[in-house]
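Asker: Take a look at the letters that make up each chain.
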Amino acid sequence: MQYLMLLTIDPAASDSADAARPDDWNAYTQALIEAGIMVSGAGLQGVETATTVQVRAGERLLTDGPFADTKEHLLGFYVIDVPDLDSALDWAAKVPNVRTGSVEVRPVMPTAEAARTDATAAAAAG
Amino acid sequence: MTPLERAFREERAQVVATVARRLGDLQLAEDAVSEAFAAAAATWPSAGVPDRPGAWLTTTAWRKALDVVRRDRSAPGDPVDVAVPPAPEPGLDGEDDVLQLVLTCCHPALAVEARVALTLRSVAGLSVAEIAAGFLVPEETMAKRLVRARTKIRQSGISFELPGPEGLPERLSSVQAVLYLVFTEGHLASGSGPAVRADLCEEAIWLTRQVHRLVPDDGETTGLLALMLFQHSRAGARHDDDGRLVPFADQDRSRWNARAIAEARALLGTTGRGPVGPYQLQAAIAALHAAATSADDVNWSRIADLYGLLDRMAPSPVVTVNRAVAVGRADGPRAALALLAPVLADGRLDGYAPLHAAHADLLERDGATDAAIDAWRRAADLSRNPAEAAALERRATGA
Numbered sequence: 048m049q050y051l052m053l054l055t056i057d058p059a060a061s062d063s064a065d066a067a068r069p070d071d072w073n074a075y076t077q078a079l080i081e082a083g084i085m086v087s088g089a090g091l092q093g094v095e096t097a098t099t100v101q102v103r104a105g106e107r108l109l110t111d112g113p114f115a116d117t118k119e120h121l122l123g124f125y126v127i128d129v130p131d132l133d134s135a136l137d138w139a140a141k142v143p144n145v146r147t148g149s150v151e152v153r154p155v156m157p158t159a160e161a162a163r164t165d166a167t168a169a170a171a172a173g
Numbered sequence: 051m052t053p054l055e056r057a058f059r060e061e062r063a064q065v066v067a068t069v070a071r072r073l074g075d076l077q078l079a080e081d082a083v084s085e086a087f088a089a090a091a092a093t094w095p096s097a098g099v100p101d102r103p104g105a106w107l108t109t110t111a112w113r114k115a116l117d118v119v120r121r122d123r124s125a126p127g128d129p130v131d132v133a134v135p136p137a138p139e140p141g142l143d144g145e146d147d148v149l150q151l152v153l154t155c156c157h158p159a160l161a162v163e164a165r166v167a168l169t170l171r172s173v174a175g176l177s178v179a180e181i182a183a184g185f186l187v188p189e190e191t192m193a194k195r196l197v198r199a200r201t202k203i204r205q206s207g208i209s210f211e212l213p214g215p216e217g218l219p220e221r222l223s224s225v226q227a228v229l230y231l232v233f234t235e236g237h238l239a240s241g242s243g244p245a246v247r248a249d250l251c252e253e254a255i256w257l258t259r260q261v262h263r264l265v266p267d268d269g270e271t272t273g274l275l276a277l278m279l280f281q282h283s284r285a286g287a288r289h290d291d292d293g294r295l296v297p298f299a300d301q302d303r304s305r306w307n308a309r310a311i312a313e314a315r316a317l318l319g320t321t322g323r324g325p326v327g328p329y330q331l332q333a334a335i336a337a338l339h340a341a342a343t344s345a346d347d348v349n350w351s352r353i354a355d356l357y358g359l360l361d362r363m364a365p366s367p368v369v370t371v372n373r374a375v376a377v378g379r380a381d382g383p384r385a386a387l388a389l390l391a392p393v394l395a396d397g398r399l400d401g402y403a404p405l406h407a408a409h410a411d412l413l414e415r416d417g418a419t420d421a422a423i424d425a426w427r428r429a430a431d432l433s434r435n436p437a438e439a440a441a442l443e444r445r446a447t448g449a
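The listed protein sequences derive, respectively, from chains A and B.
Oh and the first sequence: position 78 is 125 in the working numbering, straight run, nothing missing.
Oh and the second sequence: position 142 is 192 in the working numbering, straight run, nothing missing.
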C-alpha cells in the first residue's frame, strides 16, 4: 500500500539542536531506497517562493504565498510503499524533520488499475 | 440465559475477530455477524442448538460475508470473478484473533472516542443505542462515529495482524487506557443517570478479563484488572439508601465486596516480574485502602509514598491532588497545602471538582473556614454527579 508522508516544519525551531541537517536527509532517503519502499519524494524551496493559483468565474487569481497561512510550513514529501499503516507510521517517526515539525501520513488512493491487480492477486492467492 | 444469549456473550467477539481478520474488513464482518445471529435466532429454537455454537456462527457469518463480497465484485462488465478464501477453521487461531481485534479497535491512529466505541461494539457486543446512551450522545452520532472509524481502519491500511513483541507494549497501553476510560465513565455515572451507564463498569471489567486471559504475563493489564476490581468492590457502599453519595471515609466497609477484593489482591500477587507501571501502583494504593479495617486505620504515609512514585512515573496534576490528600492525612494539612499550591496556581485543573474538594478539606482542617466554604461551593458547582454535588454542598453548609 502506498502512503504519502507530508512533511512540515516550524520555522521558529530551525535553530534547535533537534533540527534536521542535510546529512540526516541523505541518510534517511538512502534508508528508504535500501528498504525497497521508496516510490518518490522531493524537498521544496522555502515558503517565500510559493505562489497560490485559483480560478474563479473563469478568471485566474494569483496570490503570493502558500495556500494556507499556518505556523508550520510544507517542506517536502515522500511516497513509500509498505504493507500497512503501522509500517508507514514507523517510517514516519524517523523522518528527520519529525523532531521539530510534523509528518502527516495519508494512504494514496488506489488507481483503478492497481485495484484490478490487487483483485487478481487475491484470486490467485485464494 | 438462553443458549443464544450465552453464545452472544461468550462467542461473539471470537466470531467477529475471526471473520474480520480473514476479510480484512471490520464493517463487513460486523454486518455478517449480525446476520448470523439473526439466523441463529430464527433457527435454533426449532432446529436445536448446534454442538459448537461458535463454529456454526463463524461458518454462517463467513457465508453471509462472501455473498456480499461476490455481489460487490461481480458488477456488470467486470470480467474478474474473484475466487474467495476457504472458510476459516473456527477456533484454530481464535484467541490470537480476539487479541488482534482488541488491538485493532484500540489502534492509536484512531481518535480515543472512536477506540472506545469500536471496542464496546465489536468486542463487547453492545448495541449502538447502548453505547450512545452510555456516553450521552445521540444514537446517530455514535453510529456515524463507528462507521467513520471502520472506514479509517480499512482505507488507511490498519493491519489485522498482531504486532511484533517490540510493538505490543505500546499497543497494549492504548488498550488499557480505553478500558479504564470505559470503567471510569461508568464509575462516574453510578447512582445517577441511566443504568446502562453504570453497566459500563461491568463491561470494562469483562473486557479487561478477556484481555488479561490473552496476555496473562502483562503486569499492567493485570494491574488494571485488579484496580477495577478494587474500585468496583466499593460500588455497594458508595450510596446510602436515599441514593446520596457517601464519602469514601464514611463508607460502611462491610458493604465492600470481599470476594472482588480477594480476587484483586490475588491478581496483584501475580505481577512480581517485569516493570511496575501506573496501573499496578494505583492498584497497590487501592489494596492499602481495602486492607484498612476503618477510615482511621488507613496507612496514609505508605499511600502518600506510592502517589509520590506515581507522580514521578506518570506526572499529572490529578495524581498530585491525590498525593496531597494522602499527605494531608499522614503529615497534616500544612504539608499538603504546600503540595497543592502549584496545582492551584497552574490553573489547568480549575474545572476539576476533586481538586477544590481536596483543597476545601485541607483548608477546613487548617482552620481557614471561610476559604474552605468557598472551595466546597466551587467543588459542588463543578461536580458532574448530582449526588456528589449534594454531598459537597452539605460540607459547605457544615464547615
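Check the hints yourself; a few may be wrong.
[Claimed, not checked] Derived DSSO-like pairs: lysine-lysine, alpha-carbon spacing no greater than 30 Å straight-line: (1) Lys194/B - Lys114/B; (2) Lys141/A - Lys118/A; (3) Lys114/B - Lys118/A; (4) Lys114/B - Lys202/B; (5) Lys114/B - Lys141/A.
Since the hints were derived computationally from the structure, they do not count as laboratory data.
Asker: Determine for every hint whether it applies to the structure shown.
Answerer: Checked hints:
| no. | hint | in the structure |
| --- | --- | --- |
| 1 | Lys194/B - Lys114/B | holds, 23 Å |
| 2 | Lys141/A - Lys118/A | holds, 22 Å |
| 3 | Lys114/B - Lys118/A | violated, 50 Å |
| 4 | Lys114/B - Lys202/B | holds, 23 Å |
| 5 | Lys114/B - Lys141/A | violated, 42 Å |
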